[in-house]
Amino acid sequence: MSVRILILEDDLKTSNYVKSGFEEAGHVCDVLSNGHDGLFQAVRESYDVVVVDRMLPGMDGMAIVKAMRAAGNQTPVIFLTSVSGVDDRVEGLEAGADDYLVKPFAFSELSARVSALTRRPSLQVEQTVLRVHDLEMDLVRRRVKRAGTTIELLPKEFTLLEALMRAEGRVLTRTMLLEKVWDFHFDPETSVLETHVSRLRGKIDRPFDIPLLHTVRNTGYTLHAPE
Amino acid sequence: MLRSRLRSSGFRLALYFLLYVLAAVVIAGTAAFFVIQEELSQRHERMVDREYTVLSNIYSRSGEDDLIETLGVLTQSSRRADYVYSLSDPDGGQVIGNIRPPSESQSTGEVDSQELGLDRDFRYFLKTGKVGEYTLTVGSSAEDISEVEEVFLQGAGWAFLVLLAISLAGGVLLSSRMNSRIQEIQIAMLKVADGDFQTKVPLTGSGDDVDRIAALINTTVEKLGTVVEINRRITTDIAHDLKTPLNRLKISVEKAMESHLRGQANDDELSEIEKDCRVIISTFDALQRISQIEAGARRSRFRSTDIGKVLSNVVEFYSTHAEVAGGHIEVEIEPGIPSVRGDDELLTQLFVNLIENCLKHAGGAPNIKCRVRHANGFVTANLDDNGPGIPERERENVFRSMYRLEKSRTKPGAGLGLSLVKAICDLHEAKITLNESDSGGLLVSIWLPV
Numbered sequence: 001m002s003v004r005i006l007i008l009e010d011d012l013k014t015s016n017y018v019k020s021g022f023e024e025a026g027h028v029c030d031v032l033s034n035g036h037d038g039l040f041q042a043v044r045e046s047y048d049v050v051v052v053d054r055m056l057p058g059m060d061g062m063a064i065v066k067a068m069r070a071a072g073n074q075t076p077v078i079f080l081t082s083v084s085g086v087d088d089r090v091e092g093l094e095a096g097a098d099d100y101l102v103k104p105f106a107f108s109e110l111s112a113r114v115s116a117l118t119r120r121p122s123l124q125v126e127q128t129v130l131r132v133h134d135l136e137m138d139l140v141r142r143r144v145k146r147a148g149t150t151i152e153l154l155p156k157e158f159t160l161l162e163a164l165m166r167a168e169g170r171v172l173t174r175t176m177l178l179e180k181v182w183d184f185h186f187d188p189e190t191s192v193l194e195t196h197v198s199r200l201r202g203k204i205d206r207p208f209d210i211p212l213l214h215t216v217r218n219t220g221y222t223l224h225a226p227e
Numbered sequence: 001m002l003r004s005r006l007r008s009s010g011f012r013l014a015l016y017f018l019l020y021v022l023a024a025v026v027i028a029g030t031a032a033f034f035v036i037q038e039e040l041s042q043r044h045e046r047m048v049d050r051e052y053t054v055l056s057n058i059y060s061r062s063g064e065d066d067l068i069e070t071l072g073v074l075t076q077s078s079r080r081a082d083y084v085y086s087l088s089d090p091d092g093g094q095v096i097g098n099i100r101p102p103s104e105s106q107s108t109g110e111v112d113s114q115e116l117g118l119d120r121d122f123r124y125f126l127k128t129g130k131v132g133e134y135t136l137t138v139g140s141s142a143e144d145i146s147e148v149e150e151v152f153l154q155g156a157g158w159a160f161l162v163l164l165a166i167s168l169a170g171g172v173l174l175s176s177r178m179n180s181r182i183q184e185i186q187i188a189m190l191k192v193a194d195g196d197f198q199t200k201v202p203l204t205g206s207g208d209d210v211d212r213i214a215a216l217i218n219t220t221v222e223k224l225g226t227v228v229e230i231n232r233r234i235t236t237d238i239a240h241d242l243k244t245p246l247n248r249l250k251i252s253v254e255k256a257m258e259s260h261l262r263g264q265a266n267d268d269e270l271s272e273i274e275k276d277c278r279v280i281i282s283t284f285d286a287l288q289r290i291s292q293i294e295a296g297a298r299r300s301r302f303r304s305t306d307i308g309k310v311l312s313n314v315v316e317f318y319s320t321h322a323e324v325a326g327g328h329i330e331v332e333i334e335p336g337i338p339s340v341r342g343d344d345e346l347l348t349q350l351f352v353n354l355i356e357n358c359l360k361h362a363g364g365a366p367n368i369k370c371r372v373r374h375a376n377g378f379v380t381a382n383l384d385d386n387g388p389g390i391p392e393r394e395r396e397n398v399f400r401s402m403y404r405l406e407k408s409r410t411k412p413g414a415g416l417g418l419s420l421v422k423a424i425c426d427l428h429e430a431k432i433t434l435n436e437s438d439s440g441g442l443l444v445s446i447w448l449p450v
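Respectively, the protein sequence lines represent chains A and B.
Going by my numbering, the first residue of the first sequence is number 1, and it counts up by one from there.
Going by my numbering, the first residue of the second sequence is number 1, and it counts up by one from there.
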């Protein structure tokens, strides 16, 4: 699915890198480096997602998000911060941004977050059962079955699997999983997340023939039915 | 030189004090002068009174001839030169006297000598009254009062001059003493500005205000020196720690370029490059976080926080990992733990860093015990591991940025984990201690005020 993305970034190298990445993935991408022009463009045109840098000439990223929301524009916004401080993140989210990303970031991280935001509307319908191939999760009874066999999961394993199933077919990065499942807004040094995923894999994939949970090298994980 | 001395605070202080003392002397002197003058005047009035009474008694007892005769003797006597007399008949004609008979308005009280036909510089105290039909005037010269006045004024003048001279000399002395001490401070400060943090302002040991300021300056400079030294060391350590991944990065880039030129796949090299970049970025991230936390701005985000819940979440995250390594992490939370004011996210990071630290140094199977208790207004979190522990002499050092026990820096991590922990504790006004645990490992205790 092609999406329209507006990138407000004054660093030419970053914006070119991001733009070419999105265009390669088949998306349409506009780049502006001035805050005022960016706000004007974001409100006038219809975009699926807007990526805003925190510091911009003309108008600050935070002010752009506030102005967009004040004007009734609900386009999802990803905030780019160069400081890994929580204040910028919290302030950005309070101003009305939907997600944030700390610079320097990998394109795969931004791409995963953009696709998470652009898919969001379809999830608004409240589901009680999630299904991926023969894997089934009952959100009400909090039970998981694969090919009719009940699988016992620990509470956090359940939350981890739920996040992966809701994002079926999309990549969830390490940081996205740490945020969603453990509410960690930083990346621990050890490979603990890998251990959790490996445990989960041992329960939902290993006893079965077809693997559903896949590792995306250097990026994260994805859960999908065999192609 | 003179101008700077005149402008010095010591001299000015002495000058103000001098003016104050002089004003006090003038006021006190004037008061004394008038008191003495009044006392002497009263004495003269009493003397004149007595003389008049004696003469009028002579008249009443012996008659006018005796009075005239007595007056004749008195006016001629050089021993009575201080006294003046005049006796006039009812017609106003003078019978006897050594002064011109005073006019009616000037006949009693203080009168100028010119009024009495005398060529003197002082006044007379007069008393005039009727003795029979005659008018008797008796007077006493106030020459002694004038003399006392003169002596007093002269004395006061001299005293004033001597006082002025002594005070000026004292002011100059004081200001030069003060100046030399201020100069010492100036010289020391210039040395500090040049980067010499070993400089100390000399103390006199008197404990006066300048000494106290000097001591305060010395403490400040010492602390500043420590901070600068720490920064200098951190900079060196950062340079050292970043050089290794940067060198590795350079090698990986070169290898990737070679593979590319040879038309071979370079995925492995690129993956290495990405990993090295991550190490460099995470080092900077940690440093940035520490400085941000140390700045204390985040206190505004403090909320009511359940420490047990925060720690359990972290333990839950790591327990699978510890079990895979053959160990385990247990957590024991005393019931009824009150909440503390804090930042959830930072406290999570605090426990993450502590547990990662335990896991990193545990060697074989990591066994970590976590306990949360409440006593004496503090919520205490204890983390106890079976690792090698930290030697007692090193325990304070490990909280310093970039400090690592193994100087060779073979294990991963930039040595920022525990300094971040310390910064978070400081932000929460919590105390942190390191001790030896029962199993010989490390026991970390954190006291968070309720």
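Fair warning: there could be bad hints in the mix.
[What the hints assert, rightly or not] Short derived list, chain B residues pointing at chain A, Cβ under 7 Å:
(1) Glu110
(2) Asp276
(3) Val324
[Claimed, not checked] Residues from chain A that keep clear of chain B, each with C-beta distances beyond 10 Å, as calculated:
(4) Leu12
(5) Val90
(6) Val102
(7) Ala147
(8) Thr150
(9) Leu153
(10) Asp209
[Claimed, not checked] Below, in silico cross-link-like pairs of lysine-lysine (DSBU-like), each with a Cα-Cα straight-line distance of 35 Å or less:
(11) B:Lys309 x A:Lys180
(12) B:Lys130 x A:Lys103
(13) A:Lys103 x B:Lys200
(14) A:Lys103 x B:Lys127
(15) A:Lys156 x B:Lys309
(16) B:Lys255 x B:Lys243
(17) A:Lys13 x B:Lys250
(18) B:Lys275 x A:Lys156
(19) B:Lys360 x B:Lys255
(20) A:Lys13 x B:Lys431
(21) B:Lys360 x A:Lys19
(22) B:Lys422 x A:Lys103
(23) A:Lys156 x B:Lys360
(24) A:Lys13 x B:Lys309
Source of the hints: derived by calculation from the structure; they are not laboratory data.
The structure displayed is predicted, hence computed values, not measured ones.
Even glycine gets a Cβ: it sits at the ideal position worked out from N, Cα and C.
Hints versus structure:
1. Glu110: 90 Å, violated
2. Asp276: Given a least distance of 13 Å, the restraint on Asp276 of chain B is violated.
3. Val324: 6 Å, holds
4. Leu12: 20 Å, holds
5. Val90: 7 Å, violated
6. Val102: 8 Å, violated
7. Ala147: 25 Å, holds
8. Thr150: 21 Å, holds
9. Leu153: Per Cβ check, Leu153 of chain A is outside 10 Å of chain B; nearest 12 Å; holds.
10. Asp209: Nearest chain B Cβ is 25 Å from Asp209 of chain A, so the label holds.
11. B:Lys309 x A:Lys180: 17 Å, holds
12. B:Lys130 x A:Lys103: This hinted pair is violated, its Cα atoms lying about 121 Å apart.
13. A:Lys103 x B:Lys200: 45 Å, violated
14. A:Lys103 x B:Lys127: Since the Cα atoms of Lys103 of chain A and Lys127 of chain B sit roughly 111 Å apart, the hinted pair is violated (cutoff 35 Å).
15. A:Lys156 x B:Lys309: 14 Å, holds
16. B:Lys255 x B:Lys243: Distance of about 18 Å is within 35 Å: holds.
17. A:Lys13 x B:Lys250: Satisfied, since the Cα-Cα distance of roughly 20 Å is no more than 35 Å.
18. B:Lys275 x A:Lys156: The given pair, whose Cα atoms are some 28 Å apart, holds under the 35 Å limit.
19. B:Lys360 x B:Lys255: OK: Lys360 of chain B and Lys255 of chain B at ~31 Å, within 35 Å.
20. A:Lys13 x B:Lys431: 45 Å, violated
21. B:Lys360 x A:Lys19: With Cα atoms ~40 Å apart, Lys360 of chain B and Lys19 of chain A exceed 35 Å; violated.
22. B:Lys422 x A:Lys103: 26 Å, holds
23. A:Lys156 x B:Lys360: At roughly 23 Å apart (the allowed maximum being 35 Å), Lys360 of chain B and Lys156 of chain A satisfy the hint.
24. A:Lys13 x B:Lys309: Measuring from Cα to Cα gives roughly 43 Å; hence the hint is violated.
Violation of the numbered hints given earlier is confined to hints 1, 2, 5, 6, 12, 13, 14, 20, 21 and 24; the remaining hints are satisfied by the structure.
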